[in-house]
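Given chain A's structure and the hints, the job is docking chain B onto it.
Listed in order, the protein sequences are those of chains A and B.
Numbered as in the working numbering, the first sequence ends at 1389 without a single skipped number.
Numbered as in the working numbering, the second sequence ends at 191 without a single skipped number.
Please note that the accuracy of each hint is not assured.
For lysine-lysine, the following DSSO-like pairs were computed, each having C-alpha atoms within a straight-line distance of at most 30 Å [as the list claims (entries may be wrong)]:
#, chain 1, residue 1, chain 2, residue 2
1, A, Lys1369, A, Lys1320
2, B, Lys25, A, Lys1051
3, A, Lys1076, A, Lys1244
4, A, Lys1022, A, Lys1369
5, B, Lys130, A, Lys1051
These aren't lab readings, by the way, just hints derived from the structure by calculation.
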Amino acid sequence: MTNRFWFLGLVIYFLVFAGLAFLDGGLILMAIPLLAYLGVALYFAPGAPDLVVTRTLSTDNVPEGRTVTIKVSVTNRGQDLEEVLVEDLISNRLILVEGKTRRRLALPAGGTVDFEYTVRGPRGKFRFEGVRATATDLFGLFQRQRVFPAPASVLIFPTMTQLRQIHIRPLQTRGFAGPILARRGGSGVDFFGVREYQMGDSPRRINWRISSRHEQEFYSNEFEQEAITDVGLILDSRKQTNMVEHDVTLFEYSVLATASIADAVLQDGHRVSLLVYGFGMERVYPGYGKVQKKRIMQALAQAEPGDNYALESLVYLPTRLFAARSQIILISPLNSDDLHPLFRLRAQGYEVLVVSPNPLQYGTQLRAKNLQAKKPDVEELNSSVLRLAQIERGMLFGYLRRTGIQIVDWQVDQSLSKALHAVIAQPHHARLVTGVTR
Amino acid sequence: MSRLQIIGRTLFPSTTRKGLLAAIFLGTVLLSVGYVIGKLWLEVPVVFLSGVLWAVCVLREIRRVASLLFLVMMGAAAAGYMAYLSHVLMLTAACTIMLAWDLHQFEARLLDLDEPATQEMEKHHLQRMLIVLVASILAILVDSLLRIRFQFIVLVLMTVFIILILNQIMLMVRGGSKPAKPKI
Chain A
952 MTNRFWFLGL
962 VIYFLVFAGL
972 AFLDGGLILM
982 AIPLLAYLGV
992 ALYFAPGAPD
1002 LVVTRTLSTD
1012 NVPEGRTVTI
1022 KVSVTNRGQD
1032 LEEVLVEDLI
1042 SNRLILVEGK
1052 TRRRLALPAG
1062 GTVDFEYTVR
1072 GPRGKFRFEG
1082 VRATATDLFG
1092 LFQRQRVFPA
1102 PASVLIFPTM
1112 TQLRQIHIRP
1122 LQTRGFAGPI
1132 LARRGGSGVD
1142 FFGVREYQMG
1152 DSPRRINWRI
1162 SSRHEQEFYS
1172 NEFEQEAITD
1182 VGLILDSRKQ
1192 TNMVEHDVTL
1202 FEYSVLATAS
1212 IADAVLQDGH
1222 RVSLLVYGFG
1232 MERVYPGYGK
1242 VQKKRIMQAL
1252 AQAEPGDNYA
1262 LESLVYLPTR
1272 LFAARSQIIL
1282 ISPLNSDDLH
1292 PLFRLRAQGY
1302 EVLVVSPNPL
1312 QYGTQLRAKN
1322 LQAKKPDVEE
1332 LNSSVLRLAQ
1342 IERGMLFGYL
1352 RRTGIQIVDW
1362 QVDQSLSKAL
1372 HAVIAQPHHA
1382 RLVTGVTR
Chain B
8 MSRLQIIGRT
18 LFPSTTRKGL
28 LAAIFLGTVL
38 LSVGYVIGKL
48 WLEVPVVFLS
58 GVLWAVCVLR
68 EIRRVASLLF
78 LVMMGAAAAG
88 YMAYLSHVLM
98 LTAACTIMLA
108 WDLHQFEARL
118 LDLDEPATQE
128 MEKHHLQRML
138 IVLVASILAI
148 LVDSLLRIRF
158 QFIVLVLMTV
168 FIILILNQIM
178 LMVRGGSKPA
188 KPKI
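Bound conformation, chain A alone (with noise of 0.2 Å):
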């Protein structure tokens, strides 16, 4: 029954009693035409609708900023439905682009009814649990709801911008080719030493030089093996750490960073897994190529910032899960707990890169805008407690690098490619661990 239903009888009560009331039989007439229109709608009140509901995609993954058309097919099982509404239920967050995602119609028993509508949404996972199908009288006060079910999902995944080659230099590579060099002697392009010359080494490589300083023997050229290694990244998805302020986070801009280091490391070929910390531990196994870019992508598509009081520090991240002396790319914006776990990381002979979004630097700008926006709520930041903060951030990025980590400050109004690549073209000196065998 509908609103429309109450406020009738109300208005049928009303008169009945009016009537009564004043002992006048013509009020009590008055309420007759009401009367026969509720029963009208009565007798023709709908039954329970009874639909079956296919839905096709177009796709079920797509690029943060792209379109997906969604076609639903309704057929109706039962009898026939004068006036029925037709709706799917899609997420809130969801922008519909084109078309409409419900309608309302006569539907005949047997009869179908097809419509597609296309979306476009942020970065995540978004399901389409059914189709809620509304049944009316032509008079609009009964009614009777149900929800169809029609299953069905599609991944957004996050943006990434295109970065160069990213210069990493760990302390293990494996044994395939690559553009890393190995450490150790091999096919490759740079000179890496002399060795006694071996049945089947190629002339051309005989060093002719040394040879010739001995009598008996020949020396070949070695040159420094390339190959691929391993490349650990760590999403920080801990909600104290990327929180600026009330509900904004630099979470969207650590995804973007991983999103698109993931994909230069792939491109380079090298052995990529991730593990996103937070509120949980979600981990994608080590792998190559396409299928990988996309199992990362799918792993970041629904990874949330989030609370867990057991992962509150790096303290308790499984490094046991990352090949050991590979690179490791940490994610984060960091705070000053985070000093240990790293030195810690650096000790067990990890090479670090942390990329850390500026949260100063995007709060600042935030609430210069919210303040220029007139919001409510909204002070101007103590000078001087900014001033202290970014002291300290400086101090933490200084103890890091004097182990040998390097740290990219990122200000997200800037490119991350620039950033990137403005600390790893610097040459990387400073080391705890040694001893490099061959």
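Below, chain B without anything else, positioned relative to chain A:
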């Protein structure tokens, strides 16, 4: 709803809108004539303005006031009846006001989705209203042609009976129409 669409619907009204405006006009005229004949001059502008306001709301597609104006004009019809104005005029006005209220809601449901009312749906709707109007006219004729006297106790019992039937109807309908709650 864009202004252009509203202008379009005003210039080229559907059958439902034509019927709605005609019902409002007829209801207003019947009530006004009734009050004029009864020489209740103060109520005439009230009725006339209510009718004009309702028509304006229809043209500007303001929906929320339909029930309020329905109450006002039904109240005017009931008051006119109690003031011994022409019963036929008052009852006929009540029927047309009820028709206007129904058509206003029907048109609003279709306009909500920006879809034109299909001819079939409009036809069925108007056919159903015809049944209601015929029943109502019969009731009016009964009032004007027959004089029935009840004892008060009989009247009370009949009223209680009507109320019980309405309650049963509500229970029966409520039992089969629980709204579905989807999970998203």
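### Task
Take a quick look at whether A/Lys1369 and A/Lys1320 sit within 30 Å of each other, Cα to Cα.
This hinted pair holds, its Cα atoms lying about 25 Å apart.
### Task
Mind checking the alpha carbons of B/Lys25 and A/Lys1051 for me, to see if they're no more than 30 Å apart?
holds, 28 Å
### Agreement of A/Lys1076 and A/Lys1244 with the hint, judged by alpha carbon distance not exceeding 30 Å
Holds, at roughly 17 Å.
#### Entry: Given pair status - A/Lys1051, B/Lys130, alpha carbons within 30 Å
holds, 26 Å
### Task
Take the C-alpha atoms of A/Lys1022 and A/Lys1369, compute the straight-line distance between them, and say whether it is at most 30 Å.
Not satisfied, since the Cα-Cα distance of roughly 42 Å exceeds 30 Å.
Hint 4 from the earlier list is the only one contradicted by this structure; the remaining hints agree with it.
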